[in-house]
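Undergrad: Relying on the hints, combine the two individually framed chains into one complex.
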Amino acid sequence: MPVLPLPHVPFEPIAPLTPPSPTSPLLSIRDLHVHAGATPIVEAVCLDIHAGEMVGLVGESGSGKSVTALSIVRLIPEPPMRIPQGRIDFDGRDLSALDEPALRAIRGEDIAMIFQEPMTSLNPVFTIGDQIREMLLLHRDLSVKAANARAAELLARVGIPSPETALMRYPHQLSGGQRQRVMIAIALACEPRLLIADEPTTALDVTVQAQILELIDDLRRESGMAVLLITHDLGVVSQYCDRVAVMYGGRIVEQADAGTLFAHPRHRYTEALLKTIPSANTPGARLPAIGGTVPAPGRRPPGCAFHPRCEAAIDVCRSTLPVLTDDDHQHACWNPVP
Amino acid sequence: MTLLEVRQLTKTYPGPGGAVVQAVSEVSLSVGADEVLGVVGESGCGKSTLGRSLLRLVEPDAGQIVFEGTDLMTVGRRRFQHYRRDLQIIFQDPFGSLNPRHTVGHVIAEPLIVHRVGNAASRRARVAELLDLVGLPADSARRYPHEFSGGQRQRIAIARALALEPKLLIADESVSALDVSIQSQILNLIADLREKLSLSIVFISHDLSVIRHVSDRIAVMYLGRIVEIGTAAQIMDAPRHPYTQALIAAVPRLGVRRSQARTPIVGEPPDPANPPPGCAFHNRCPHVMDVCRKVRPQLEPGRDPLPGNQTACHLYTQ
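From first to last, the protein sequence lines are chains F and Z. This note's numbering puts the first sequence at residues 1 to 338. This note's numbering puts the second sequence at residues 1001 to 1318.
Every clue listed holds true.
Restraint-style ranges between C-beta atoms, simulated for each label pair:
(1) Val1291(Z) / Ala312(F): 56 to 62 angstroms
(2) Asp218(F) / Gln1298(Z): 35 to 41 angstroms
(3) Pro161(F) / Gly1096(Z): 31 to 37 angstroms
Don't read these hints as lab results, they were simulated from the structure. Here the structure is a predicted model, which means the values were calculated and not measured. Just so it is clear, CB atoms sit at the ideal spot from N, CA and C, and this is done for glycine as well.
Isolated chain Z (complex conformation) (with noise of 0.2 angstroms):
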């Protein structure tokens, strides 16, 4: 059952000199329930636009937000609050994203404050059960963020998010500031709440390793957008746009010698204030044809589909 559908989603931002950014260009995809869908890309492939737009954090200039049959586009903004409950996103930085003056339980009770849930008695006891669901123990409401690490703010963040019991969270490189040996505390945290939440989770990171454990499809972004879709292990094991194969090479693996692994392909992501026509990936592309620099390739099963596989790439088209 899909939970979220989203249909050509785009957000641009004005550039220098007058020029457009297409942060997000046309991205379309869909979250199933219980569903992790991973979206992996570098840095300015859209990825946290695309994350924030799906919260109307950054409003979004067209397209769709279909979650469970309404657009939430369309919805005034006083109905918006009322889905709002629904969608949840925690950060990157456990730092920066909890209020330094406040005390952990009113971090936590801040969502129950705002959507005007409970009484204060109820609130702190829904605290306590937040604090136990994330493995805090329960006096950490009354202390302040800054005694708390890393991951354990980054547990904070999660309990708050957790607070209204949303449907749909999104988790913006929740883990990338983490330590290895905390990135997997609260790795096994989030699948733990997805099996007893029922969680669906977009889970947005540049790190393909992490990615690959936590979903069960996986978005890659390159420009703004979606070039290859598909279950993880397609992705991982039978990446079939080039871009998604060269981000897989140059992933560095335990016991592979540097002249044993794929030399890296070459160049930058373009300026997304200045796309290339075609494919925005063709001045990076070891298959490029000439196909490639005068046209966009569509996002389709193309030939020799793979099973939920979509991929944006001329290699493919009929």
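Looking at chain F on its own, in the form it has when it is part of the complex (with noise of 0.2 angstroms):
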């Protein structure tokens, strides 16, 4: 076999922030596919969350990741949507074999969620305290007074200031960094083992997305919570996941803690998308840019679904899809980055 020259890395490796848990995942996505009629979303998912552990789901739109996110509680719109195949198995049960009922005890409970548009997510005629009271009166078996008192807690704890005022305030009264940290704390309220964050700090200002990913970050480390954080941004990956998985056309391309996966991309896609953003090049100088578009669910190509994108393509590419190699780090890729 030639010796092929070692690619620019312009990163450095950084050692994971938590060793591998020995133990069973708390969540453990195996093979799952999602369609949307006869038209495939989600193609062959595995994927393994640890209790304390922050795993990142990165990729661009049409890339499946947040539906990959919405079928772990099955908040997929069922139909046009289904899951046809795959497990997903919770702490020992398969929250994709539960009805509606059984699945409603578990989200909130045990699997909470953020996502973007905390405006959207919050209901305009209800008080902040309203929200989190409700989460708490249909989960715990509180009085009205005591879950006064709890929710003040978690709003003190989300860093809201004056939190007995701000439960008597309506959503439009906050500032949009507020209204997520009241997501969270509605969230958090009856201490999930899994928080599953759907792009929570994109529609925020840069300073606020610091501050929230901060405090997401003290409350697992704090609580012992998984989180699966689910972004476009490679930066915000990297700065707070210790595993990252990375989507492209429906499917888990590569995966690896984060220090190995940014320090050395085997895929082709995470290796040009790494070199594409700005800050890893030169100011004013030309992008590595990748070419085409994404393609969309239901127009995705045979073989490897980067393929028409990728400059490193071969014939096989085009023709047979790639399996994730079984090992620490995943890539499927048939000319993987040496």
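TA: Spelled out as structure tokens, the structure:
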């Protein structure tokens, strides 16, 4: 085999924050497929999350990352969407086989979610207090008075100034950053073991984004809550996540601990993505752009979905789907970065 | 050579309960020929209002917009239309800014029709030329906006903005809605066009890494005012204003663990309807002094000035 020159890698490798846990994962997704009608949206996704771990699920629009996240708690619209194949094991139970009442008991209680736009996730006609209390009264056997006290405590924890007053406010009276803090308070109300955060800071300003990510990071460190962070922002993932899964065309194409993945990407898509971002380049220089566009579901090409845009594509990429390697640094690429 | 010079531009909106919201306050800046000026700031800092004010898409309350020696604030509506050919804008949302009922050819030709340039045949030729310039196939002219992806739509918006051969382009969050891989295609296109057409650009964005990439100089806005302006390299590598420093520190960077990064600044920007006295940043500033709470700092070169830099901060006042 010819010796290939090492690629230019602009990032220093960093040791992972927490060593891989030897215990069984809290959430284990196996061979998950999600279809909308006959169109495959998510294909053959496998993903493990351990207690206390923050895992990043990265991808561009149309990659299937949000649908994957929503499928975990079955918040995808069924129909038209359905899960024809796969298991979602959470603490020993397969969520893909549960009925709605059983799922409702898990949502909010064991698995909580926060979304990109806190304004549309909060009910505009109820106070912040009403909305936090709702969670507590639904899942916990508390008196209204005790629920009130707990709600104020939660608001204080997420950094809302004068929590007692804030309980009486309506969502529109808060800033975007504060609304996201409230969403986090609601999510934390029942001390979930898994928090799914779908682009939680995309709508926020960069200084506020840093505060919210710090808060989520602090909370998982003190409570051992696991976090699945869905984002398109590679910088955010690099800074906060222990492990990263990269999605493209409905599949996970690469997965590794964050330090390894950013220092030494193996999949050509990940490599191209890391090279194209402005901060990895000399200011003003031509960016090594990735040609073409992300294929829409239903229009994914045969073989590797990235091959029409890939500069390292070889014949086999066009015809045959690459399989994820079965090691610590999983990648599904016929011609990986050496 | 200065193409555009803005002096003391102010735009206010009526706020809740009779309050006055200062969207843009006494902003002065200049854009040279062939220069890209980046305007960066968080939501509500007034950067978009500033961009629209330059074209009088929102009517400023006060100030001067001197374009090639003429104050656009003093010219009548009809004469202003003449200058409008030289000043064009592209927006963030390539879905909202293209009329879905018109073909792409019509969308791109519209500025030519409005300004009565050429006849039907020459406009068709110009549309073909523009499509080629922005890297879209010639048959795009017959198709409708919904048939195109986000990145392609932004190319259509750029083609339309270039139809009248403007001298100054205002790009308001023009790559913010695009995926990373598409964003670089559009940034490369903007760089090519800038070179080919010797365009001046006011590039407005909240994204510091994009701003750094495209800009020659950068203006940082906070609560309606420019708090620092300087060369792109100086702003990014040696920021002077504590807000600029905080903004740069808050950008998540690849390969930097949270534990290695600086602690983010606390708080959020104040309500523009009720700005604090003194420096608007004082309630979040780690270096706050007594004077910051009382006296508003002026944008000036200050003590130990850096070439081309002006900063509105008492740390640097004489």
